[in-house]
Amino acid sequence: MSSNPLLVRTHPPVSRRGGNPWLLPKTLIPAAFVLLLIVTVIAPQWFTPLKPDDMDMDAVLSAPTLRHLFGTDSLGRDVFSRVIYGSALSLSIGLGATLIACVGGMALGLLSALAPRALRRVLVRLLDILLAFPELLLALLVIAVLGRGPTNTLIAVGLAGIASYARLLRSQVLQVKLSGYVEHSVALGESPLRIIFRHILPNTLRPLLILATLGIGQSVLTASSLSFLGLGVVPPTAEWGALLADGRDYLDVAPWISLLPATVVALSVIALTLLGRRLQTILAKGA
Amino acid sequence: MLWTGIQRLFTILAVLWGAATLTFVALKLIPGDPVSILSGGANVVDDAFRAQLTHEFGLDQPLWLQYLHYLGHALIGNFGQSYQYREPVIAVIFSALKQTLVLAVGALVLALALAVLNALATAGRWRYLRTFFTGLELCLLSTPVYWLGIILLSLFSFKMHWFPVMGNEGWQSLVLPIITLSLPLAAILSQILRDGLEEALSQPFALTVRTRGAGETRLRLRHGLRHATLAASTLTGTMLANVLSGSILTETVFGRAGIGKITLQAIASRDMPLVLGIVMLSALLFVIINLVVDAAYLLIDPRLRKRSS
Amino acid sequence: MTLNSHAPSALLVVEDLQVDFLQPQGTVAAVKNISFQVNPGEIVALVGESGSGKSVTARTLVGLAGESARVTARSLSLTCHDGTRKDLLKQEAADWQKLRGREIGFVLQDALVSLDPLRTIGREVAEPMLIHKRHPRGEIPSRVEALLHQVGIPDPQNRMQQYPHELSGGLRQRALIASALAAGPQLLIADEPTTALDVTVQQRILDIFRQLAQAGHGVLLITHDLAVVAQVADRIVVMQQGEGVESGPAAQVLASPAHPYTRRLLAAIPGADTRGRWLAGESPLPDVPLTAQENDNQRRRNPFVSALDVRNVSVDFSLPNGVKHNAVNHVSLQLAWGETLGLVGESGSGKTTLGKVVLALQKAQHGEVWLAGNPWSRLREAERRPVRGRIQTITQDPLGSFDPQYTVEQIIQQPLKLRGKLSSSALRARTLELVNLVGLNVDLLKRRPQALSGGQRQRVSIAQALASNPEILVCDEPVSALDVTTQAQVLDLLIALQRKLGLAMLFISHDLGVVQHMSHRIAVMKAGQIVETGSTEEILGSPKHPYTQTLLASVIAA
Amino acid sequence: MNKKTNQWEKRPLVRALAAAMLVMASGQIFSVNAAETPVQGGTLNVALGSDTPIIDPSITGQSVTALIDRNVVDSLVGQAEDNRFTPWLASRWEVNDNHTDYVFHLRKDVTFSDGTPLDAEAVKYNLERILDPKTTSSYSKSLLGPIKTITTPDAYTVAIHYDSPFAPLLQGLSLPYLGIQSPTYLKKTQNTSNTVVGSGPFILKSFVKGSGSQLTRRADYHWGPGYAAHTGPAYLEAINFKYLPESSVRLGALTSGQIQAIDAIPPVNAKSVKNNPALEVKTKENPGIVRVLYLNTSKGPFTDVKVRQAFLSATDPASAVKVAFFGTLKAADNVLGPQTQYYDPSVAKLGGFNLDKANKLLDDAGWTAKNAAGIRTKDGQPLTVDFVYDPSTLETSDVTLFQAVQFQVKKAGIDLKLDPVDSGGFADRTNNNQYDVVSSFYVRAEPDILRTVFHSSYAPPKGSNYSHISALDDKLTQAVGAPDAQRKQLYSAIQREVIEQAYVVPLSVPAYQLGISKKVHGISWATNAKPNFYDVWLSH
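Residue numbers (numbering that gives the first Met the number 0), protein chains in the order written: chain A, 0 to 286; chain B, 0 to 308; chain C, 0 to 557; chain D, 0 to 539.
Okay, chain A solo, but in the shape it has when bound (with noise of 0.2 angstroms):
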């Protein structure tokens, strides 16, 4: 009754096959190219000589060959090391946005849950207010407060992304609070603090670390957004959304100028998500 028989499955789910389900070529893929994505971030340099700031003013817009994979921009500079090198700051901005919208949206999500009732009151009325406004808008705002620059596209991001996850976590905390085992801890004599942070706390913590996962890829998409629109990084600085910005001039005279990089930050992101996805599969079946 309780595990309903007739809840069948139109299409019985796919069991695992035997063996461990991280080493799974569909969990392996993404890993691997998020791995290699880590290292481009610690260590560009082997990837390639090339300096992404230096300009070959005689090689303007040259064609991918062996010595430019992605050929070269309007300014002679390789646009693959550019991509490269790119990838370490695009990538910090994104964990980095992540980071702030998790802690951000943890405070506020658990206190607007848990805090004493007057504080309660406040704080949701100040999550209806932050999820008010669109992501993008609140960006532009706390941009135009800070100016540009990768570190402020980093908080703006952030910022802008605390109110979706406060929200989440603000549900899971109530849900969890109802639940069947945090009731049973007041039973068996449980202090309210030792339920919050051995229970509400974990079983929160959980989905919001694998959304945190998928939202990576999502704050870099939101940063070369910003940077598409002239808000982002300062030039020459290299960085993903700015590339595909400075090259949409020239998609019909050098198109790897855009196209290349482009193609790189959607199977960045593409593995990201699928990482995300996987880790939440492999999560939620419970090791």
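It cannot be assumed that every hint is accurate.
Stated by the list, open to error - Taking beta-carbon pairs under 8 angstroms as the criterion, some of the chain B residues facing chain D (in silico): (1) L52; (2) Q83; (3) E86; (4) S94; (5) D194; (6) A267; (7) S268.
Quick caveat, the hints were computed from the structure, so don't treat them as lab data.
We treat Cβ as the ideally placed atom computed from N, Cα and C, and that holds for glycine.
Since chain A is already given, all that's left is putting chains B, C and D on it; use the hints.
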């Protein structure tokens, strides 16, 4: 009933007030000289002129007075004059809103249609097609919206000449922007609707419907879809925000005049009244949409309706 | 296993049905060589515990066993309205759609989820008519009304407009039956049609099946509940792990079961006559001497005060529409040391709320609860916390009361870690002691409860409750999610533990049989009030309150 | 076309002649390619890369407003491409020698499109409206200078009197910013930012900010400017200006034939447009201040003239401009563009790229040490200069240009830090003197433009003296009202000093680039380097 109505209204006002205050503070924090915007790109500004402008727009008053003034006027729907356009903010917003609404509504409708078709077709069956579509959704969600627009534009407008690129005229000029804006939305919606549909199809009632001799189509259309809609409506807020953010980017790519464009310009040029007006508008829109969604919920799901007797 | 030579009139003939599921690991046989037939005017019951393959059998008969199912049989045929016999093994998807609803009606458990919750009763009942185009559209409303009337729904015209959640469980189930009958099938398959219902309502639903059989329908009833079978079935097929172990006329199978499994099944049903014997056959606990701690517990008990004293307690809930709902209404109870008080009542009678008041998880607006002569409900939570170990609980849904991240070991140690500092070896020793006490395998300690069976989970729950050496145990429907044989083991365990540890138990259940078997005294609850209290013998022998009388009447021991 | 432009650039002394040749040349093109006589009718679609929020020319300095309004409002006088003034609404005028008294005699047959006749009162009302502080006019007001009185001796005569000499008035009056609007319309219209009613060859049918403007022909127009190629109504039935900010979109619209003319062709695509047999590129070099970097002499490293000169020598405009603009623009060697009145070509040899000289200058100035990044330091401070700019006012190529310069000066050990801000931020930074370098250009044929850029009374926020110069005040003031010969001499000296002192670093000579379909004929240029559409016609 009346009491809940008043409470709702109060909540809405509180959210609007908060949004306005937050934006006011933010805008006052932003460095910048409104007079240089007011002077309309002139390269010469004398002191008398500066004083005149400052006075005319009330910028010589103390901050708290400006704030009170602003709130007071906003309460009666007067958001003041735009610095850039020298026109009432309301007028500026409404002329832009028309363009954006066409785009946003068009994109939402298209996204919904695509997502419903996709979900109906691929939920819980046709494994290869399903895999293909989930992959496509993933790609769409991982590609920046503006990039999608540029690609569509160069493909269908420049290369194939199927659609005009020109700004705001004719239905043809709407096709590509609507597609651009709708594809990522359709991708999210598809995922949610498919999940909702698969969830609904695994419910016992779906078995009941099958035992009545209903075909797969009837089951999905008459029963599953409504349940899937319920799942999707929880994400309306996110969707709305997506549409607004997406329209900023889409309008930039396609050179359409709309709220997105106006917003960008207003923020960049410190057009305080206009930015505040836009923020209030988006907050109001958000609140209203949420109310509408709540109402729609009741309409779709009888279980949420209160027993009247 | 006898092969029935089927009468030519048989509606449904099943011979040597085998259902295999193709899975990546290999083929799993869910149903192995089962044979039976259903004649018009006959109710055939397919009885078995969960996992016995009875539901798979039922679904195979309507072609809904799933894509990965491989169905084979010597014969699988259905007599249709036009007199032809259809070979069910040869039906394509489109053919099945013509058969379902029209030739075979299917009734599922719990109409709240088995009817589309977003559509009105009227539309749900009308759907088979529309699918099979049996009536002109205009006539459908009146047909629906007539059907609803036929299954005993009063005021059908208004009920048609309502949604499933607006109807009581019994009316919903009737509507579900009506929708199964809507396209006029001869054969009706009912899969656990009464399981979620209160006993009194169960009776009325079974009456409908009886009437339908009298009207010439053939009914295949799938159930785990032998009490139900005893009341309505003409013939019984007993299934165990996919195999039909015994079949025959109902009276014969129930009176003189031939197969040991059937016998075990019948013996495991608790009731008035099972009092004082082990349901599963033998004592679940080897005789272990009482430890010093346990003796001390017993010595501490003051015989002059009740273990639990519930004084005039009332609980109100405000519903969202502002109406106050009186969940518990001026209830007083006493629980003596070492006794079991059975609290019986139908769903919504307030017994669970009362249980929570007793555990001080729910505040009472009026009245007070005293624990062992001391104030209990009036304490502040911080004051109560140190004392909570004395009163523990086990619930119907142990999985819901376990933190989903915890392993069995962590769950059992949860209360242990609250009582001062235990060395890790002491912790380990106590855990093993508890695990042995409730008869769990030590290997399960590292598992998560999601991976355990229902019976094992309930044992974990009991071990956890016992960890703090409680004197009082509040058991809220502890066995209602379990199969009969598992239920028997858990009930035996509880009784054995009570005898060994001298626990006082408040035993809450909707199942009068279980309560009769377990309790020294019984309190009958209805609509938030205790309508009758007394020793089990008194209540059984001379029920005074009319409600108690109806309740008793609807329980007929197998 | 391109070749002609280059010749013209190389021999600036004969620029007037070249300009005349250009007009003739373009005339020849259509006489060879298409019908002999202009065709009436048709709608010209023009896509513009920038937009204006305000269409009333009196209250804005936006160049797009001028471009559109040129077709809607007429001016008192016209200025031909060779900088001579021609009659327009004023059939003749008199100016006294020291430029203090101007008298204009108006045509008597002119009406505004709302039917109001043009008379002296109308002109007076227009000018006084601009002078009235309540109108919050800024650029237009500055063009009028310190007017003392405006009088109307008779119904068709307007007299303007100054206390101090003011020579640039005629050039100012020829611009659309001082175009005459209907007084009836102005008096009854509270908010003029969205509408304009003039006496021009076209009527503004609609203006939607962020989208564009639609203009329709006025059939009874017969008072075209003296420099025009024809008289009577315009050939075109209508003109649609569309705002398409994305340059790829604009270009696509042109190449796909959806639009007949676009401005601001991305330099990278100029070649492909030229090679397209259906299209051609028309270029008009801007007069006025060229694209320069203003070096802030009031603070930081640029207080030292040696550092400024080093920066100037380290910059190689020729190669930077070549990379950024693919040969569509010319590198600048003077603060004024060659098309400006009193442009002095001899200034060019004062500057020029010389890395050795730059290094030597910096060594002399004490910036001898270098840090790890190769940047010179002095007393531990790196030679970092902050370049504040607002990207929304720039084309992509401009930012490319800046990056090229950044790369060049780094070789001399100067760290040019690009610091993009939005327009509000730009105003804030310049008003508060928080920058070392800013960049801009100004379009005006009248060299008086130098005054708003180098006179000390125009230091930000009052004007564009971003270099914070006061040394030129006397010369600039004197030049405003001096007789022509003396003006020429004064402006030569000013140009020379600006480069010698390295107040600015000239980069490129901006030009208005129009990509048009070959079906479009008769484009001519206004002195603000904007196309005139009065004479334009479309072949089928």
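Evaluation of the interface hint that places B:Q83 against chain D, nearest CB under 8 angstroms: Status holds, d = 4 angstroms.
Hint check, B:S268 versus chain D [nearest Cβ-Cβ separation less than 8 angstroms]: holds, 5 angstroms
B:E86 as chain D interface residue, shortest Cβ-Cβ below 8 angstroms: holds, 6 angstroms
Satisfaction of the B:L52 interface hint, Cβ to chain D closer than 8 angstroms: holds, 6 angstroms
Hint validity - B:S94 Cβ closer than 8 angstroms to any chain D Cβ: At about 7 angstroms, which falls below the 8 angstroms cut-off, the nearest Cβ of chain D leaves the hint on B:S94 intact, so it holds.
Cut-off 8 angstroms, beta-carbon criterion: hint that B:D194 touches chain D: For B:D194, the interface hint is violated, since the closest Cβ of chain D sits about 37 angstroms away, which is over 8 angstroms.
Interface hint for B:A267, Cβ within 8 angstroms of any Cβ on chain D: It holds, given that the least Cβ distance between B:A267 and chain D is near 4 angstroms, below 8 angstroms.
In this structure, only the earlier hint numbered 5 is contradicted, and the remaining ones agree with it.
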